[in-house]
Structures are given as C-alpha cells and as structure tokens.
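Q: Please take these sequences and the hints and turn them into a complete structure.
Protein chains in written order, with the numbering used here: chain A, 20 to 208; chain B, -12 to 104; chain C, -14 to 192; chain D, 394 to 696; chain E, 1106 to 2150.
Hints may contain errors.
[Said to hold, decoys possible] Straight-line distance between alpha carbons at most 35 Å, and here's what the computed DSBU-like set of lysine-lysine pairs gives:
#1 E:K1257 <-> B:K91
#2 E:K1208 <-> B:K92
#3 C:K179 <-> E:K1208
#4 C:K180 <-> E:K1968
#5 E:K2122 <-> B:K10
#6 C:K183 <-> A:K165
#7 C:K175 <-> A:K165
#8 A:K107 <-> C:K179
#9 E:K2058 <-> B:K100
#10 E:K1454 <-> B:K91
#11 E:K1308 <-> B:K91
#12 C:K183 <-> A:K80
#13 C:K13 <-> E:K1975
#14 E:K2061 <-> C:K157
#15 E:K2055 <-> D:K424
#16 B:K14 <-> E:K1257
#17 C:K175 <-> E:K2058
#18 A:K37 <-> A:K107
#19 E:K2058 <-> B:K90
#20 A:K159 <-> C:K157
#21 C:K180 <-> E:K1975
#22 A:K164 <-> C:K179
If you are wondering where the hints come from, they were derived from the structure by calculation, not from laboratory data.
Just so you know, these numbers come straight off a predicted model, no measurement behind them.
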Amino acid sequence: MKELIERLRSKFNAKNIKEQRKNFVFITVEKKDLEGCVLYLKEFEGYGHLTLLTALDWIEKDQFELVYHLHNYSNKTDVSVKTFIDRKNPTMVSINNLWAGARVYEREIKELFGIDFPGCPRVNDPFALEGWHEIPPMRKDFDTKKYSEETYFPRPGRYTKDNVAQMEEQLYPVEAEVKNGIAETVRKK
Amino acid sequence: MNIIHVIGFILMLIGFWGMLTQKNMIKIVLALAIVETGLQLVMVAFGFIKGRTAPILDSAELVNNPASMIVDPVPQALVLTAIVIGVAVNALMLTFVIRLYQKKKTLSITEYKDLKW
Amino acid sequence: MTEVNNEENKIIKPDYCDPELFCTALPKEVPRMNNIIQKFYDWAQANSLWLLAFGTGCGSIEMRPLYTARYDISRYGIAPRPTPRQSNLFIISGYVSVKTLKRIIRSYEQMQNPKFVIGLGSCTINGGMYWDSYNTINRLDHYIPVDVYVAGCMPRPEALIAGFDELKKRIKEGRGEGANEYAKNFAWYKANQKKIIKDWDMPDYNW
Amino acid sequence: MDNFWTTLLYAFLSMFLIFNYGMLLGGVVYKIIARVHGRFGPPVWQPYVNLVKVMGVRTAISHGIMFWLGPVFRFAGGIGLFLFMPVVFGSVWMQNFSFSGDLLLVIYFIFFGQLGMALGAAESGHPYSPMGIMRGLAQVTVSEVPFALAVIALAAQHGTLSITEIVAAQQGGIANWNMITNPVATLAGMMAFLGMMMHAPFNLHLAPQEIPVGPPTEYHSNFLGYMQANRAFFASAKLILFMNLFFGGATNIPVLVGKTFTLYMFAVFVGVVNPRFTLENSIRWFIRIPTATGIIAVLLYTF
Amino acid sequence: MVNPLYIVAILLGTGFLLPLISKAGRRISLTVFFMSLISVSAISYQWLWSFLFGGQTAAMFYTAGVEPPLSINFLIGYKEAIFLTAVNFMGLVGAIYMSTQIKETGYKAMVLFLLMVLGLNGLILTADIFNLFVFMEITSIATFSLVGMDLKLNSLTGGFKYMIAGGLASVFLLLGIIILYSLTGTLGIESMSQYVLNVDNIKLLSIGSFLLIFSFIIEMKQFPANGWAIDVYDGANPGITGLASATGTAAVFYSLYKIMPIVSDEILSIIIFTGSLTFIASNLMGLMQTNPRRMLGYSSVAQMGLVMAAAAWSVFSQNDGIFFTSVLPLLLNHFFAKAGLFWISGIIKKNDYRNWGVIRENKVLSGIFIVMVLALTGMPPFPGFWGKWNLVLDLAANYEFFWIFIILLGSLFEAGYMLRWLGVTLKKTSEKDIIAYDSYKVLAIEIINITLLAVSFFYFFRQNQGHLSYYLPYTAGLALLGLRSLPERFKGVLALTSIFFYGYMFLPLQTGFVFFFNAMFIFGAFVLTIATLNRKKRSSTFYGLLMLMTGSLIAIANADNILHFFISWEIMTVTSYLLIRRGNESEKESYSYIMFSLGGAFLILSGFAYAYSQNPEFLSFNILSMAQESSAAAFILISLGFLIKSAALGVHIWIAGAYSKAEDDVTPFISALLSKAGIFGFVMLLLTMGIPKTEYIDLAYILSWVGALTALIGTMMAIHEENAKRLLAYSSMGQVGYIILALSIMSGLGWTAAMFQMINHFLIKGVLFLAIAGVIYRTGTADMYKMGGLIKKMPWSFTAVMFGIIAISGVPPLTGFGAKWLLYEALIEKGWYLQTGAAFFASTVAFLYCFRLIHAIFLGQPKNEFRNVKEAPAWFIVPQYIFIMVIFLFSVFPKLLIDQITGIVDPIFGSGLTWQGGTAITSLGYWNGTTVMTIVGVIFVVLAAGLFIKSPKVQKVKQFNIVFSAERPETPELTHFAYEFFRPYRRALGWMIAPYAKNFWAAVTEWTLTISDSLRKIYTGNTQTYIFYILMMSVVLFYVTVGVK
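A: Now the structure itself:
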C-alpha cells in the first residue's frame, strides 16, 4: 500500500492522501491526471473493479468533487481517487471505455448534478427523471421542499415536530412539562 | 514380313519416340516426317512381290504382260500420293512453327499451353 | 478521448400523438342504470374483485401475504389479474414518483369502466416520508380518483383486508363510480397530471 | 333425426346442463387447489359471480373485427364440440348432433375454436398474444400425437370410429372398458389428456408472470365472458370425450358426473404437484414417452 | 441428274481460277465464289429431291470411265444425298457468315474455303478407301490453313495441335488401308466389305481394321485423345470452328459410317464403347467450363461420340431404321445447333458465360440462342429429342440398359452446363456492352435457326403421323408466342378465351380421370390467368409460355401413349423452367428445379424403356400393365420420376426456391396446377401397373411411408420459414405428401381421399398463393415479419387467406376436413396405423404455419411503411373469391364432389363409401358435411348476434392501445412478434428438419464437379501430352480388341 501510494504520488502527483484503513486509501489528483491515474490503477495495479462513481457538490468552493472508487480483487484493497472540477463549467472526461458500467454512473451524475461526460453513450437520455426541466436536483442550490410544495399539492394539515421534543414529551412527560414551564417563564421574563 | 517392314516399323517407332521426347517444335515436325517415311516404307513393302519389277511400263515386255511381271502398282500409287500430301503437311506445319516463333520467340512446345483444361 | 458511436444505441421514437397509432377519443360517462340489474351487477362487482397490483414500494411486499394461506383473500372472491383490461381493482401500494405516475395513469385508463382504486400507505395519502421530495407526489387523488385509502407506513395485510371490506361496502352502495368521476372531471385530472409530467408522451386518454 | 325440433330442444337442455356442470366443476377445482395449498378458497359459485361481473362491465374496446369475432369463434367451437358428441349412452336426449360426424370430426373440431381465438387475439397487436398462441399451438400439436395414436389403436380395436359404437362396445361392466381391454392406448391417451387440458405442468401458454395470461391478454368484458362460458363447455366436452373413449362412457347423469369429475381431478392433481414445463421440455416429453406408448399401442394392433 | 463429279469440278475449277479472277476485283471474285457454292448446293438439293420424291436409286459414277482402283469413283445414295445437302448448305451459310472476313482476306481464304468444301463433299461421295484418305487430307489441310489464317496465337497453337493429331491419324489410316488392301486386294469400300469375309489371316485383318477405325476415332475426337480438338474449338475463329464442328465432323462421321461394314463386331463395339465414354466424360468435363466456346467444344465432342456410338449400334444390330430415326436426327440436331451457337459466340465475344446477358439486347439473337440451347439439351420438338427417344427405346428392346443409363446420365450432364449458361443469359444483367452485330453473321445464324426449326418440324410430323390432334392444346401457346408484339392485356384476354373455348369444346367429350384432371387444369388455368391480367409490363414471351405450360398439362392428361406423355412432360418441364426463370434472382433456384425435373424425366424415360423392353411393339400405356410380371424396376424408376416432380422427401430441395423465386402470379400455377402433373403421373402409373408385388419388399408400404414422411417433414419445414412463398411451397410439399399417401392405399376410399385432397389443395393453394401475390404486389416484400396488421388495409385478402387456412388445416366445417376424414378412414381401413399417426401429426403441425402465415402478415402491428398500402388489385381478388365460392360449395355439399370422384374410382376399386341422405358412411365412420356446416353456422351467427346486442357500443382503438406492461410501445417493428416465431419448436424438434437431403445433394454436386474438375486437368495444353494420349489409346484399345486373342 505504501509503495502504491509512493508510485501514485510520483506518477500522478497525488495529494491529500488519507489512509482510511490499512487497505483503503483516499487520494486526490488533478483533473487532467485522473484518467491516466485510473487507467494506471486498472491496468498495472490490478484495480479492475469500479465500485462507485459519484459526485459531491461543494457549492462554497464552487467546485464539484468526483469520486472514483476502485477495488482490487486479488489483494482486497480499495483506492478512492478524487478530483475537483469547476462548478461553472462542469465537464469531465468519460471513462466508459475503461468500464462499460461507468456509463450508468455518468448518466446518473449528468442527470442529478449536470456534470457532462462528452463521449459517453446515451449520457443525455433521462435516467430516473423523465422530462426534468429544472436545474439538476442534487445541486445544493436546488430547493427541493419549495419545489415539492409548489408542484405536488401538499395535503393541508401536515405539521412537523422537533424529534427531540417529541420523544421527551412521550417518554418523560413530567420533565418535559417542567422544562417547558421553565422555558415559558424565561420567555415571559 | 521382310526386312523392309521391320525397318519401316523401327523408323516409325523412332519417330514416335521423337514426338514424345523432343521439346523443340521443329524436331517434332521432323519426327512426324520420320514416322511418315517409315510408314511409306511399310506401304511399299506391302505391295512388293518377290521377283517382280517396278510398275513402270518402259519396256515392251512389261507392256505386253504387266500383270505377271510387275508388282502391285496400287500401293506405289498410294505411297506417291502419301509422300506428296506428307510434304504439304510438313511444309504447312513448319509455317505454323515459324508463325508461332514470331509470336513467342521460343520453339519449346511446353511454352504453348495457353489453351488447356 | 475516443468517440463512441451512438448510432447503434439510438432509438427511433415515433411521434407520440400520432393518431394512426393511438386512439384519440376521450372517455365518456356511462351512467348507472337505476334498476335491479344494476344492483345485481354491483353485487357481482363487489364479490369478484380482480386486482391489478401496482407494486411501487414497500407495499408490494405487504401484498404478497394476502394470497397465502394465512390471509387468503381468494375467499372473498378477490384474485390477482396480470392485465389491466381484465381487472377492476387497482392497488397503488406505496410512494408514487413522477415516472411511476405516468405508468399508473396509463394502466388506470386501460381498465374498463367500473373500476376501483385503493391507495395503500401514507405515501399515497400525503406523500408520507417523501413529502418534500422533488420527485414524489403527495396526493394520489389529484391524479386519479381513489375509492379507499388504507393509511399506515406500511399497513399490515389485515388493514388491507379491512380496506377491501370498506370498498365492497362502497360498491354495493353504488358509490364506486370512480371511472365516471374521472370522465366527468377529466379536464381537471388531466391538468394536474400534465402539470407534473413534463414530457407527456401519450395521448390524452389511453384506451 | 326424424324430429329435428326435438333434437334441438334436447340439445338446448343438455347444453344448459353441461354449462352449469362445467361452471360448478371450475368452482370446485378452485376450491380443491386452494385446499391443497392449505387455503380456504373461493366459494364454488365464484365462476358464476365472475361471469356476471364480466358481463356487467360497462365499456369495451375493440382492436378490429377479428378481435371482436375471436371469442365468438371460441365459444362456437366449444359448443360445437359438445354438440357433436354423444354425452350419455343410451339416453335419447343426450345424443346431441352426434349423427353429423364421428370421432375424427370431434378431434378436428377442437381446433376450430382455438384457431379462431388465435386469430382474434393476434389482431390485438399485443406481442404476448401470439407468444401465448405459439406456445399453446405448439404444445397442442405434440400432445395430439399420442392422443391420435391412442384413438387409432381404439379404432383398430373396435373397427369403428363412431363414438357411440365405441361406447357401446364398452358396456357390460368395468372389464369391458378400454382402460382394461386396451391399457396401453389408455395410458397414451391419458398422458395426452394432461397436455390437452392445458393444466400445469403444461400451461406455459398462460404463464401469468412472464406473458400475462397469454392469448387473451387484451380481452375483457363481454369477450372475456364468452371465453369463460366457453371454458365450461370446452372442458366438459373434452372430459366427456375421454370418458367415452377410455372409461366406458356413461349411461346416466350421475355416472357421467362421477367419471368426468374423477378424470378432471386426475389432471388437477397432476397439475398442483408439478411445476411448469418450458415449451421445449413439454414438446420433448410428449414426443418421447407418450408418443412411444402410443406407438406401442398401435403396433399391438398392426401385428 | 447432274453428275456429282461436277461438284468436284466446279469447286476445283473455281479454286484454281480465283487467283486469276481476283485481279478483276474483289466483288467479282466474291460473286464467283458464292456462285460456285450455290451451284454445288443446287446439285446436291437436286439429288436429294430426286431421292425423296423422284424414286431415284443409288448410282455409281466413275471418273474418266475407268474402273476402280485406278480412278476416283463416287457413290451417291439416299444417305449421301442428305449429307451432301447438309454439308453444302452449311458451307454456303458459313460463307455468308464469314463473308466480311473472306472479303478482307482475299482470294486465299476463298480458295481454302472451296477446297475444304471440296474435301467434305469428296469424303461423303467417295466409294473407295484410298480416296477417302486423299479427301480427308484435302479437308484437313484446308481446315488447318483456315484455322491458322487469322494469325492469332491461340489459332496458331490450336492449328499446330490439330495438325500433329491429324498427321498421326493419317499415319494410322494409311497403315490400316495398306494392310486391308494387301489382304483383300481391293480399295472399294463395298467390295472390301465383301472380301473381308474370305480373308484367312484374321489377325492381320483385325489389326488393319483396327488401325483404320482408330484413325477415325482420332478424327472424331474421342476421349481421351481429344484434348487438341477442344483447344482448336477454343482457339480458332468461331466461324471456322462452327463449320468444322458441324460439317467437318458430319463428313468424317459419314465416311466412318461408310467403312463400318468392313470391320468386325469387336471393333464396332470399340466404337460404341469409346463413343459412349466420350459422351459421358466430355459432358462431365463440360460441367466445369466457364468459357462458352470450350463448353461448346466439349458438347461437340460428346455429341459426336454419341452419334458415332449410335451409328455403330445401328450397324452392329443391323437395324438400318435406327440410322434414320435416331442417328440422323442426333447428327442434324448437333449440326445446326452447334454451328449456330459457335457462330453466336463469334458475335458475343465473351469468354465467360456469366457475361452473356448482353445477348438480350438483340431479341432475334437471344431467341435463336434459346432455341439452340434447348435443341442441344435434347428437348422436344427438336430432332435431338427424337434421336434420343428412338435410340433409348431401341436399346431397351435389345436389353442394353447400361447404355441407356450412360446416355441419360451424359445428357443430364450436358443439360447441366447448357442450361446453366441459358439460365444466366435469360435474366442476369451484366455490364452494358456495345456488341457489333455484323448483319451477314446474324443472317447466317437466322438461316440456320429456320432450318433447324424446319428439320424439327419435319421430324415432328414424321414421328407423329395421325396423332396431330393430340397437339391441339399447344396451339394457343404457339400462337401467342407468334403474336408477341400485341399489348399484354390483349394477349391475356386471348389466352383466357382460348382456355375457355378449349374447355367448352373438348371437356364434354372426356370421361374418367382424364375428364377429372382436365377439368381441374382448365378451370384452374382459366381462373388463375385472370390474375395475370394485372400485368402492365410488356413481355414478349410470358403468355406464350404460360399457355404452352397449360397446354402441356392438358396434353399430359390427354396422353394416350408413353411418347405423348413424355413429350408433354418435357415441354411442361421446359416451359415451367422458363417461366420460373422469369422471376428476379431466380438463377440458382430455377437451375436446381430444371436439373431435378430433368433427372426425374430421365428416370421416367428409363422406366418407360424398361417396360417397353418387355413388349417392344407398342408405345401405349398398356405396356406398363403388360409388363407387370417383372415390372418392379420399371415401377420404381417411373415413380421416382414422379416423386421428384411432387417434391417427395429427399428430392424436395428444389421446391422452396423454385416456388419462391418465380414471379408472384406464376407461383399459383406451379403450386395449384403443375404439382398435379406428378399426381396425374401416379394415377396413370397405378391405374395401368398397379403396385407390383415383389418378394421381399412391399412397394405400396414404402410409397405410403414416403408420402407420410413427405407430409410430415414438409409441414415441419414450412413452420420455420420467414418467407411467405417458401412457407407455402413447403406446405404444398406436405399436402402433396398426403395425396401420395392416399394413392398408395390402392382402395376406393383411399383414391377418393386422394382426389378430394387434390381438388382441395388445388383450390386452396390457388387462393393462398394469389392472396400472397396480391400482398407482395402491394408491399414489395415476401418476408412475413416485415409486414403485419394488413387486415385493415387488405380485408378482402385477409378473408381469403383466413378461409384458405381454415380449409387447408382441415378444421371443420370447410373442405379440408373432408379430405382428412377420407384419408384417415381409408388408412385405418387399410391397417396402416403408424402412417395415420404420422399424417395426423403433420396435419396438426400444419396449424402452426397456418397461424403464422395469417398472423405475421395480416394481424399484429401494422408497420409505418405500409401505412398507405391499398387492397390488392381486383385482378387478384376476383379469382381468389371464385375459388372460395367453390370451396364453400364443396364444403356445404361435399356430395357433389365426392359423387364425381366415386363415379370414377368405384368401377376400378369397388365402392368404399355409401350415402345416407347427406351422410357419407364408410366401414369405420360417418360424416355429414351439410349438417356440420349448418350447425356451426347457426351457432356462430347466434353467438355473434348475442355479442352484438350485449355490447353495441365498443370503442375502436388503434394499434398502440395495448397493455404493454404500462409502457408505450416503442415502434411497431419491436412490438410485432413474428420473426423466428416457432423458435422453441425448432429447439425441440429441429433434428427432424436437419438438412440431410440438402447436404446429400450438395455432396453429390460437389463430388460431380470435383471429378469433372480433376478429369479435365488431363488436358494439360501440352501438345506432347496429347500425342501421348493418342499413342497410349491406340495401344490400350489395340490390346483390348486385337491383342487379347
């Protein structure tokens, strides 16, 4: 594992290395190095299985993070390769020629985050949403509650309770009453 | 059966041998000529009757009694005709050989195999 | 980056509203007859419910035991039927996403006139735990007429059988007229449906 | 034939009888299947309720004229099959129109309804319909082989193809039944019977999970009602046919009920304890064991 | 009478004068040249005329009044006159053909040409053996020179080889002559043939006569010493080749014929042996040729082998009649057709037969081409047919069955390559090519063609004196071929009128089976011809061929002896082949059809020959019944031929291709009518011959299994076809299998079943193929899975197909059930239980393809591209409904038809069927078609009315309004389930239809071609190899004939 990390560091300038467990490591590479890195891991290090490809929205940093999670069957180790891409212009190279299964992930990410993978077959076809016209729903700037209320005729009469307060009331009614009384007293004052 | 028959047949066999073994077209034509020569000898031999003379009626004796004096004239006539025809055929064949040589610049019979199967 | 040839994966989709392919007629109300025959038919409808189960979520798991020896709905004359043409009871058993709703509408419209709908679980009533999802509807009765809701998350088979009983009562009372209601308020239902189904790729009524 | 109208009246009477018998038989079978499963099961009159419900459906759609006519073909085939068969031996009024033709007519008339129905179902344009028809027809073709061989063996045995005469030859006690006198043919015939009744394990054409109910997947309301009513006739007619051929026929109605019920139970019990065959498997099975049995039955009379 | 010496005088004189005249100008010398040829021809015509009509007897002419052997003497008789006329006529036509070339080359060519004609005349005329040699050499030298005259490499090479072989031949000839002369002391052929009887030295005599004959064997280009000849045919100028092939061989052949009386029977049998060997070997080698001229060369060599063997046979069996009835027609056939084809190949300068499609640019030439190829393959009414027919019968009368086998096999090979060539030429379009049509050449070929036709008709009339009325059915076809330029519809109406008129006039005169079959053929042809009126594209031959085929069918049914039967059979084969070949891309399929059909025809011929050998006096069908004692062989041969025509199992592989590739409105004719010809053959055979009893095997039993398995396997194959016409073709095969099965029962009930089934099949296949033709006409495809849902566009066609499949599958109440019922009753009555089971299986499997046919085309999802198709034209619909009305008539009142049949069958076999009112009763069961129809009809109507009353308001929906697992169907193509419909069935029972027969025939073809290919490799092209063959052949033959003793 150590040697592998060394090699990745020297070859692909891997940064931000975090050994989660002794057989699981996170690394971060530049966007341009990513394809070479996963190709290298697949072809030379035996990480033949793409377990997962997902995205995270770092709206504060104005970046998307893509996570490529690879697994090696022979020595049971995992490498998670991360990369950051620009949120303004979310485009990433497709790795569907390395793993055919990546097509599904890329299609899903395209639909839910709006990250484009040029060259991936049927990447523009709807995946789970048919006829979605809003901004991609998994982006942080999409307000799902507001959208739901505007669109889906919420049935009136629904109310929400704070979970902690609800449980306290049910399990410890006396304490809750006291607590509420104190709080009311404080407010009154 | 006499010696001339034998010589004639031997000549014919030599001719056949030549036709089968020689690659040169002129030699093949010559071999055919040898066959014909042998054949002509054989033919003459078939017409020959011992003790008689050629059927050329140049003396009075012969004119008077040709049937008992001369050999059968028919084979000789045949041979004469055959010789004439043989010469003509040989000449024509040599013409063909010349024409063929002009086309391909070779006399080897094995080179003229464009038509086959 | 290598170019992938998309040609082979391309699906040629015909125009969805092609009147050559789809019947464009709208549903009509078929009024009840007010006589003894109608009562007889109602009785038969109530005692011979052929259900089309639309297993969308956890509800489809809860419906399996209904057919088993423990609950055995067949003794009420209820039998599963694999095709909407022959069914008269439609069970929506869980949350309904937009994509699912399209199929639900299509199946519902393909059923023949006396047809009844049971909404199973809280999700069909008010969205349940998915109430604020961007992709899950909240109220099923805005899209198709629902006869009976069975509340719970998830309701047990006993609750469902109680729902069937309630439905039978409704039918025998002559209140199971969801199909006619749908035809009467067709414009309203359709507007609601079209509001959330953006890529409406079917004719207005799926015969 | 001296009085056509009497014959007609008798035919209506026997049709009424056999319709109710077939309906109740269906109900009883549902009940029995449920009991084998350990369930309570629907009431025995459930088929009537279903029929009424289906006929009471208010709307209907049609894919075209053949779709509309398909159930008519089917129903006419079922009734016709029944009408061409003598039902109760010796009875005056249960002979139907059996004077119109012999065993061969009955065998071939089985296909009339199936073919018409197939045409109607296929016009719906639903891919599952032809799929189911393909499976059903393919299976019928092979299950008919042992049946035909058994029938040929019977014809050779009795020197006739008339059902009435075959039944007549079996009168006089169980020892005269073809089941006893010609056991090999009976064996072949009963194996074919399993396929012809289209119960499990030979009901791939219905295959509810994979191609929902097969051919009639688009049928509903009155069309479906016709088919359900036909089922009562068709199943009973087939049962009567087998009873007449192999089990001595019936001289009165209780015997008829008893024998046909037992026969049906045979198919049902084989069905409830067996999984479903794939089409290839059932074809191979029919072309091997039952056909071989049938060939043996025939060879016994050839030499 | 003009002294034939003038022939020599004129030719020789002109030849010597021409160098002088040529100084006066080309035109004059050409005129003189032609004048001399014309005058020579005139002399020979005049001789022929006086022999034919003037009662002239043979005459001997001596030069200068001197007796032989000192002078040349000529004998002119009947045969000489014929040959002289032919040779001089051909010389004249040849000169016309080559006139352009001759004009260019100048007087040298004319002299050589005249010398060649002189030599040929001399060869025919001379009466002494030495002059034979002289004239042969004159001919040879002139021919060598003509061959080499154009100075091309191939011509020169060929000429050189020719000269070497010719030199060797003359060596042997001279040796033989001198030996014979020394033994007999004479050169006159006639005197020699008498003197040889007194010769003591038998050994030397046989050596001499062997050498004499052997030189002729070389000159006649016999296998294997004939490689040089084929090279000459290939390399030389086609004009010369044609002449050499026709006149040269004819003259040499005649001189050989003249000297045959000299030689002994052993030597004659050598001629027969080498001739037959050459015939079969050359034809076999011809199979692998692609160069038409070489192909013609092989054919030429083979034909000469046959003619030579036949002539030797006529001398051997001392039957001079054979010379006129068989040898001469064979020779003349070859004479004209071969010359014509060689000359055509001089116009179409294509070295690969696959490029010969260009010939169709010239209508005249292509017509002549067809005529000549058919003549060469020995089709009636060309002389070759009569030659072969008479030869085969004569051989049969002498129990020479091996030679019959050789002749027929060789003829089959020859037909193999000639018809392949024809097939390519008839339809295949090759690259556009401008062909220079020299008008002299075309003129010459046309003259040859007309002469060939004249000779054909001469032989035709000669062979058929007093039987001409039998050929009446052909007149309409011939007339329509003549009226080729009329508009298409007009011709169609004429055809209809002629059929109607014929039926009106002659049908009432007939009785029994003849009436039955004739009625079917005439009615069927009439109704089916209506559909052809839809044709708009002008075709010069279609209606002619169609009427010829119909006529041949009627003629087959009318045939009163085996000759008429066989002629009509051959004409039917050829015309149906030409009709099938009219379809697009039908080359392979039609070729397979014609080869199988010809094979079958030859089998029938050999069977006839076998029966004839028992009673050589008659030609009538009675010989079949008279030959009953030992006739199992004849029965097997003839029935094999009919089985091929009926596409029985094992020989069925042609059927699907031929049916599917024929034009759509022709296929109904083939299926509904043509397939019944084989059935009629069976009826005829079984009526006259019965099924012969043999000691070890039961032929009837075997035949019944053939029928049952044909029915089963044909049906099995039908269900897996994607192409509608192929499906119906296999269905036809299965249905005909039932008929064969029913016929083999040989009982009244069985034959009633067979006839009923036949009428049933005739009506239904007419309906189905016409309906499919209409569909294909509108949609442009025969692949069923590409269609679908056409019921809404073509309701009439759909209804027709629906009735058709209900009838064909045997479901009551339509006629199909009657056929099945009769069949099973008859089978069980006979005790053939297993066959019953097989037939039953087949009839249930038939449901599968029936459903598939109607579902894939008419039901299911309509495709977008066929959204705007219309109903098939009324021309297709009307005949279908005529047939359907007949079907309904016979369904409601089966008694109408069955009474007709039993009226014919019962007197022969005794009655198996009684009637009680409308109920048919057999020993086993009963059936009342009328009540069944009534009951079913009433139930159906009542139920339909009930449904209509119960739900009057039904919403009509469209194709995509289906329950598609709550999805919307993507496209009609993805929703229509039709492709590989019965795949599970194939998985389970595919072993039944594994292509055993196809593989077997493929292997037979492959082996034949491989043998052909390796055999032809012996012709290496090296002259010395050829010399070696000649010498080796002389040695081998010498040891076989002379050396053994």
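Q: Holds or violated: K175 of chain C and K165 of chain A, Cα atoms, limit 35 Å.
A: holds (23 Å)
Q: Within 35 Å, alpha carbon to alpha carbon, are K13 of chain C and K1975 of chain E?
A: holds (33 Å)
Q: Below or equal to 35 Å on CA atoms is what counts here, so check K14 of chain B against K1257 of chain E.
A: holds (23 Å)
Q: Taking 35 Å as the top limit, are the C-alpha atoms of K164 of chain A and K179 of chain C close enough?
A: At roughly 20 Å apart (the allowed maximum being 35 Å), K179 of chain C and K164 of chain A satisfy the hint.
Q: Is K159 of chain A close enough to K157 of chain C, meaning Cα to Cα at most 35 Å?
A: Given pair K159 of chain A, K157 of chain C is violated - Cα atoms ~52 Å apart, limit 35 Å.
Q: K2058 of chain E and K90 of chain B: Cα distance at most 35 Å?
A: Distance ~94 Å between K2058 of chain E and K90 of chain B Cα, so the pair is violated.
Q: Check the hint pairing K1454 of chain E with K91 of chain B against an upper bound of 35 Å on the C-alpha distance.
A: At roughly 24 Å apart (the allowed maximum being 35 Å), K91 of chain B and K1454 of chain E satisfy the hint.
Q: Please work out if K179 of chain C and K1208 of chain E have their alpha carbons no farther apart than 35 Å.
A: Violated. K179 of chain C to K1208 of chain E sits at ~93 Å, over the 35 Å cutoff.
Q: Between K2122 of chain E and K10 of chain B, is the straight-line Cα distance small enough, at 35 Å or below?
A: holds (21 Å)
Q: Are the Cα positions of K1257 of chain E and K91 of chain B separated by 35 Å at most?
A: holds (11 Å)
Q: Below or equal to 35 Å on CA atoms is what counts here, so check K107 of chain A against K179 of chain C.
A: holds (32 Å)
Q: Hinted pair, alpha-carbon criterion (35 Å max): K180 of chain C, K1975 of chain E. Please report holds or violated.
A: Not satisfied, since the Cα-Cα distance of roughly 42 Å exceeds 35 Å.
Hint compliance for this structure: hints 3, 9, 11, 19, 20, 21 are not met, and every other hint is.
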